[in-house]
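> Sequence:
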Amino acid sequence: MKRDESALLTFKAFITSDPHNMLKLNWSTRTSVCSWIGVTCDSHGTRVTRSKIPNMELVGSIPPEIGNLDSLVSLDISGNHLHGPIAASVFNMSEAFHNRFIILLIYKCWEYESITGLECFS
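If you count the sequence shown from 1, position 27 lands on 27 in the numbering used here, and the numbers rise without skipping.
No lab work stands behind these hints, which were simulated from the structure alone.
Hints should not be assumed to be uniformly reliable.
Simulated pairs of lysine-lysine, BS3-like, Cα-Cα distance not exceeding 25 angstroms [stated by the list, open to error]: (1) K52 - K2; (2) K52 - K12; (3) K12 - K2; (4) K12 - K24; (5) K52 - K24; (6) K2 - K24.
Only a predicted model underlies this, so the values are computations on that prediction, with no experimental measurement involved.
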């Protein structure tokens, strides 16, 4: 769980504007990752499986460490203002990623030649 916590805290550090202080006030080492806003863990509370943080008006970029969330099967970051490339490590997740993982990106779709099956929505 420390690896998942570290990946999410790094994501938080790459956010340059959190106008509603949702991540700033809630994503903290003082509480369990599984209790953070927008985070869902597996039934054992040992791994992050989903992150749903749409429409929070977040501004920033996605760090390569997000690829360390190798049990993640869903990431909804739609309606935010994230820029820059998505690091290739995001696409090096588990088989679950390749079978079920959908990144919801509104307004932008990043493509990598080595990636197949990426779904982008607009």
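> So, for every hint listed, does it hold in this structure?
Here is what the structure says about each hint:
no.: 1; hint: K52 - K2; in the structure: holds (19 angstroms)
no.: 2; hint: K52 - K12; in the structure: holds (14 angstroms)
no.: 3; hint: K12 - K2; in the structure: holds (15 angstroms)
no.: 4; hint: K12 - K24; in the structure: holds (8 angstroms)
no.: 5; hint: K52 - K24; in the structure: holds (16 angstroms)
no.: 6; hint: K2 - K24; in the structure: holds (19 angstroms)
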